[in-house]
Amino acid sequence: MGNQPIEDIKVNKEYDENGNLIRYDSTYTYYYSNIEGDEIAADSIFNNFRNMFEDNYSFSTTPYFNDLFFEDSLLKYDFYKNDFFHERFMNNMQQMERLFWEMDSIENKFFMEQFPEKGKNE
1 MGNQPIEDIK VNKEYDENGN LIRYDSTYTY YYSNIEGDEI AADSIFNNFR
51 NMFEDNYSFS TTPYFNDLFF EDSLLKYDFY KNDFFHERFM NNMQQMERLF
101 WEMDSIENKF FMEQFPEKGK NE
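Residue numbers (the UniProt record's numbering): 1 to 122.
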């Protein structure tokens, strides 16, 4: 039958002081933890996911989003982790923060070269 996903069901219940159930929610998740050695299955699962994702989130085909999440050659190593999108987003945020600091430095240097007297007073 092949590899089966790891499934997890979490049920959260909240009770009032009298023991009455006042809030209830549940989450069902599944992921494939190891498909090592089965590249065909890995490619098939990933391509099926990508098609389903694009159907649900049309913005995912835009260059910016696509480049962040789907064009990395190492993608398949991260894809089967439980926090794929969050982890990639956090990694990209760190890269973006460094890039913004660099861009600010370039802008400040440009400003200082254009208006050297202005920079001395501030």
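Please note that the accuracy of each hint is not assured.
[Unchecked claim] Pair by pair, the computed Cβ-Cβ distance ranges are:
#1 K109 with Q4: 35 to 45 Å
#2 V11 with I106: 49 to 59 Å
#3 K13 with W101: 37 to 47 Å
#4 H86 with P116: 21 to 31 Å
#5 W101 with G19: 18 to 28 Å
#6 M93 with Y28: 26 to 36 Å
Hints in this document: simulated from the structure, not taken from any laboratory.
In this text, a Cβ means the ideal position worked out from N, Cα and C, and glycines have one as well.
Legend entry - Range agreement (Cβ of G19 with Cβ of W101, hint 18 to 28 Å): For G19 against W101, whose Cβ atoms are near 54 Å apart, the range 18 to 28 Å is violated.
Legend entry - Distance restraint hint 49 to 59 Å, applied to the beta-carbon atoms of V11 and I106: holds (52 Å)
Inset, instruction - Starting from the range 35 to 45 Å, see whether the pair K109 and Q4 falls in it by beta-carbon distance. - result: Violated, since K109 and Q4 (Cβ atoms, about 56 Å apart) do not stay within the stated range.
Inset, instruction - Return holds or violated for the Cβ distance of H86 and P116 against the range 21 to 31 Å. - result: Violated, since H86 and P116 (Cβ atoms, about 45 Å apart) do not stay within the stated range.
Inset, instruction - Given the range 37 to 47 Å, decide if the beta-carbon distance of K13 to W101 lies inside it. - result: holds (46 Å)
Inset, instruction - For M93 and Y28, compare the CB-CB distance with the range 26 to 36 Å and indicate the outcome. - result: Because 28 Å falls inside the window, the suggested range holds.
Of the numbered hints given earlier, the model fails hints 1, 4 and 5; all others are met.
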